[in-house]
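**Student:** Residue numbers (our numbering), protein chains in the order written: chain A, 77 to 396; chain B, 3 to 326.
A few of these clues could be false.
Straight-line C-alpha distance at most 20 Å; calculated SDA-like pairs for lysine to any residue [unchecked claim]:
hint	chain 1	residue 1	chain 2	residue 2
1	B	K255	A	S335
2	B	K267	A	S335
3	A	K313	B	G266
4	B	K122	B	F111
5	B	K267	A	E339
6	A	K344	B	M162
7	B	K267	A	E338
8	B	K294	A	Q215
9	A	K344	B	K82
10	B	K127	B	T115
11	B	K82	B	M32
12	A	K342	B	K222
13	B	K267	A	I162
14	B	K267	A	E114
15	B	K86	B	I68
16	B	K140	A	V349
17	B	K267	A	F273
18	B	K93	B	L172
19	A	K90	A	F108
20	A	K192	A	Q215
21	B	K198	A	Q325
22	B	K140	B	M162
23	B	K267	A	V333
24	B	K222	A	S335
25	B	K267	A	D314
26	B	K222	A	V333
27	B	K5	B	M32
28	A	K112	A	H389
29	B	K222	A	K313
30	A	K223	A	I162
31	B	K255	A	P332
These stretches of chain B come out as covered by chain A in the derived footprint (C-beta under 8 Å, 3 or more residues) [claimed, not checked]:
hint	stretch
32	175-181
33	212-224
34	261-270
No lab work stands behind these hints: they were computed from the structure. All values derive from a computational prediction rather than experimental measurement. Glycine is no exception: its CB is placed at the ideal position from the N, C-alpha and C atoms.
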Amino acid sequence: MEENNVLLTVNGLKKYFLTHQGTVKAIDGINFSVKKGETFGLVGESGSGKSTVAYSVIGMYRLTEGRIVFRGEDISRESKNRSLTIKKEIQIVFQDPGTSLNPSMSNREILELPLKVHDIGKNSKERVERIKELLEMVQLPTNYIHKTPSAIGGGEKQMVAIARALATNPSLILLDEPTSALDVSIQAKIINMLIQFQQEFNLTYLFITHDLSLMRNVASQVAIMYLGKICEIAPTKDFFNNPLHPYTQMLLSSIPVISEEEEELKPKRIISVGEIPSPVNVPAGCSFHLRCPRKMDICLQQDPLIKEIKSGHIVRCHLY
Amino acid sequence: MSKPLLEIKNLSIWFESFEGPLKVLDGVNMIVLPGEKVGLIGEMGCGKTTTMKAIAGILPVPPTIIRSGSILYQGEDLMKMNKKKSRQIRKKELSMIFQDPMSALNPVFTIGTQLHDIIKINEKKKGFIKGKSIQLLKEVLLPDPARILKNYPIQLSGGMRQRICIAMALINKGQILLADEPDTSLDVTIKEQIMKLLRELVGKYNKSIVLVSHALGTIKSLTDRVYVMYAGSMVEMASTQALFANPLHPYSKGLLEATPRLTGKGIGDGINGRIPEYVSPPNGCRFHPRCKEVMDVCRREKPSFFNVSKDHGVACFLFKNSRN
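For reference, chain B alone in the conformation it holds in the complex (with noise of 0.2 Å):
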């Protein structure tokens, strides 16, 4: 195995709040190999976008916690060396898509101040810049460049929108790409093209990228290997194929079965129950209240990964024998 390019150890966030803290990340681990396309999916409030934004280094303190844990990037750890020297490293190789491209571009300035502005950072040469524009706004396949510098975010679809995100997030040739549901507020054929985009593009850069969608196709149509996240901590990880083809955890269990299908054969019953408050989270197993298969030892111990086979893993006490 090729070392990894980013990779979380037991991070745990919590955040201020009027009824106490709230204990939303729970010793998340992540790894993302070089080049490597990875997707994380669970319901909203799993943790999934706080994860990104932990990566991102972009949680306001106050409130955010950081309890315990590590973000290491190429083998450094960017929540100990110095805020600078991080800022630095995320800057240079991190970009972020985030979903909803209306509140991601400022309403006040048009898109070429806005791409101008990321571009100076790496390059301060005079007439560089809109040249750069320009072939950015062409990459991501959008008609009339010129003219859309001049637009204002208004003035554009949001598919139009989405894709000059895309641009920026291309702008610094980094290696890791977060998309944060980059699809969720798109229409059908919309979110087909721009996901086609993405896949092209970070192709052609070779870039790592992690997905966070909740539609479970365009997971499986993107990327290699699926993080499962339930209420603060990854409950399955395994190659996508794996993963759809044979769901362990019954939470993945639980998500693949409500999800509709084309075949017409009706809907399953979904997962009883919502995620925990997290001001005080269930002991044990966080998912224990709302498993079918919920065993004693569920409710005492938080179980750990086990590992099922080399590219399938599932923190269940259901699979603690299965260890190999």
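If we strip away everything but chain A, and leave its shape as in the complex, we get (with noise of 0.2 Å):
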């Protein structure tokens, strides 16, 4: 892969944490990488550690293992340690705008103190002038300066946590389930804005969600977790056509659509079985293989190790 096209590079991440239960592995060695100017999607059930990915790149964690690499430069460890310009590029938006936005604070302090902090404009009529600009950029009403969070919906919420993202000109704006608390008409909403800046700005997106079919949408490389671990990464049109692991056929198979072009699309019916195992006890070998419907003897006793199947499409199982 040419290495000037590549913004994000996380090459064996490992994140534990220790807990009175035991050694909770959230991430257990995860390598991706992410291009200039794409929509990298991560997708997962709850409890598979995709959240943990963006809390590491951004810094909220201390890395058990592993190398985070941004442009070229080592970021692999926490914010505090981080140079400002690192900080001023990354930036994220969290799944609930009601606890991610300060309550006590007013549109504009939230807005205006990453422009404090990373030395944006001048002066305070300067930031506030940035403000309204940010505002107008998110479609919301520039009156909207002096009201709290309490006092806007639940939408407009994320607009302005989206705002707030976008205020420091980030080049990779990581996105953690941005629309999920959101309606289905205000989420279309938001990814149009989202697909629209992306063009405008030419930003990068690291697109977190459980939605398969909006990711199909979104994105344009999709990775799927389970238990801490990458499956299967692929270009979005593989990974929807040509699903290799069993439980992204399983997952696949069990979106509930409203469309008989779409009902066609899916692959043959797998039948989804048992929970997400806690990952306290991992099961041993392939931790997919309680629910696995292909599994083999070798899957109780080893981990896969990845493998690409073609270019850009890498699996982790033992039928590959």
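These two chains come separately, so use the hints to put the complex back together.
**Tutor:** Now the structure itself:
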């Protein structure tokens, strides 16, 4: 792969949490790279570790092992030890705008903070101009500048959160389920806006969601996680037309769809069984073997290795 | 047409608040036939849950103010009869599954105790209850029921908790199951398992179900007929097939277009604006401030239900002339 085209590389990333019940292996050795200007989708059930990946990239955790490289620079450390330039370039939008915006701050204070921290705008007048510009960008009326988050709706709060992420002109935005708390009518608006910003400002997204139908429409590459490991990575079209890992097939076949056209796109019926096991006691061998319809003897003993089936399509399964 | 099992007529419900009354339900009409699977869709805050709670009779008074309307169960008005009698009917005939299984179960009692409490409402025989509990848990396909009876809700996963809520809803041999977003808090693979279980059990006991859900796919796979609700009244009613093939109301169209599809052809524009403030909802059709096809008459008058075909009705002036 051409090195200069890659914006973010995650290499052998591990993040373990120590709890009273034992070590939780939230992320257990994952590799992926995100190209400039693309939307890299990360999918998985709850508890698969997808949010931990985003939090590790933004520097909320000290890594157990592994490297995160951003534009050729090693950033595998906590946020407090990172340079301001790096912090400016990587921003995040959280799932629940109700808790990610400070309820006692007005929208102006919320949006002014990143501008102050990163020295954007000489004085308060210039900053207010920039804030108004940001609000216009996310299609909110400029008089919202004086409102507090509690005075506006859920969708509008998420717009403010997106405006806050855009405030510093970042190049990478981590979107941690940005629309899963919202109605489809508002989700559509936000997603279309995000796609527009991506083209306009040449942004790169790491998009985390559990909604595969949404992923089909936004991502250029999709990676699927199960119990802290990546099962399959593929370009979106390949991922949906030719899913290889039994877990991917199970997920795709269990999506409830609303038209015949979509029904035909789903892989052959695989009946979903079981639930994601507790990450404290990860099963030996391939962690998916308890639920796998095609498990073999080897799956119980040995964890499969990553294999590239064709260019860009990676799968971690003994079947291949 | 067979006689409706449950019929809601012109139900209007307000809630008291500091800003004045919240005019939430504005003339809801709904019919559920025996053994029918009815879906109810709409955005958050449309009054779906309020409707369900009104049927179950669990809206707290105050702040609830019932302005008008009736809820008929097999022809008897549940709102007019005395409290004791309506409670008897609801206890025997209705059961409800809530959205969040964690808050529906009491965290300080074991599953066994909670099942016991419900079973003994109808069955007083000693020794019967434990066997019945185990049989119920087996029916919802939970492994090792004897152990689960001793567990607290916190020891179980979300999917298991929702199965227990379904088991509880099956205890009375009632005719109607109200399912208020039973799938929202679950993962896609678990969701599929739960909906499959629900479909099988409802079919087995020939219950009617009223299913509220955000997931249109779930509604499509489980229901026969769908109501679309917006800001406190029904805006469209159609057989499931007709609604998904040919939605008529601009609101239903917007919802369907905004739903991401597997075909990957992009997502529609969504619907501008948001649900109105219920303190002073818009006059006329409550959807008119967000509607792309708004006309003058929409601002003045509330549209009544126009029947487009036998099983397809819509409350929108665009279809005024298609009445037959």
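**Student:** Holds or violated: the stretch 212-224 of chain B covered by chain A, criterion of 3 or more residues with Cβ-Cβ distance under 8 Å?
**Tutor:** Held - the stretch 212-224 of chain B has 7 residues with a Cβ nearer than 8 Å to chain A, which meets the minimum of three.
**Student:** Sort out whether V333 (chain A) lies within 20 Å of K222 (chain B), counting only the CA atoms.
**Tutor:** holds, 8 Å
**Student:** For a C-alpha distance cap of 20 Å, please report whether K342 (chain A) and K222 (chain B) respect it.
**Tutor:** holds, 16 Å
**Student:** For the pair we were handed, K82 (chain B) and M32 (chain B), check the Cα-Cα distance against 20 Å.
**Tutor:** holds, 18 Å
**Student:** Is the hinted pair K294 (chain B) and Q215 (chain A) satisfied, with a Cα-Cα distance of at most 20 Å?
**Tutor:** Answer holds: K294 (chain B) to Q215 (chain A) is near 18 Å, not above 20 Å.
**Student:** Check the hint pairing K5 (chain B) with M32 (chain B) against an upper bound of 20 Å on the C-alpha distance.
**Tutor:** holds, 13 Å
**Student:** Verify the proposed pairing of K267 (chain B) with E339 (chain A), using a straight-line Cα cut of 20 Å.
**Tutor:** Given that 20 Å is the threshold and the Cα spacing comes to 15 Å, the pair holds.
**Student:** Holds or violated: K267 (chain B) and D314 (chain A), Cα atoms, limit 20 Å.
**Tutor:** holds, 15 Å
**Student:** Quickly compare the C-alpha distance for K267 (chain B) and V333 (chain A) to 20 Å and report which way the hint goes.
**Tutor:** Given pair K267 (chain B), V333 (chain A) holds - Cα atoms ~14 Å apart, limit 20 Å.
**Student:** Hey, K267 (chain B) versus I162 (chain A), does the alpha-carbon distance stay inside 20 Å?
**Tutor:** violated, 35 Å
**Student:** Measure nothing beyond the straight line between the CA atoms of K344 (chain A) and K82 (chain B); if it is 20 Å or shorter, mark the hint as holding.
**Tutor:** violated, 52 Å
**Student:** Is the straight-line distance between the alpha-carbon of K313 (chain A) and that of G266 (chain B) 20 Å or less?
**Tutor:** Status holds; Cα separation ~9 Å.
When the structure is compared with the earlier hints, violations turn up for hints 6, 9, 13, 20, 29, 30, 32 and for no others.
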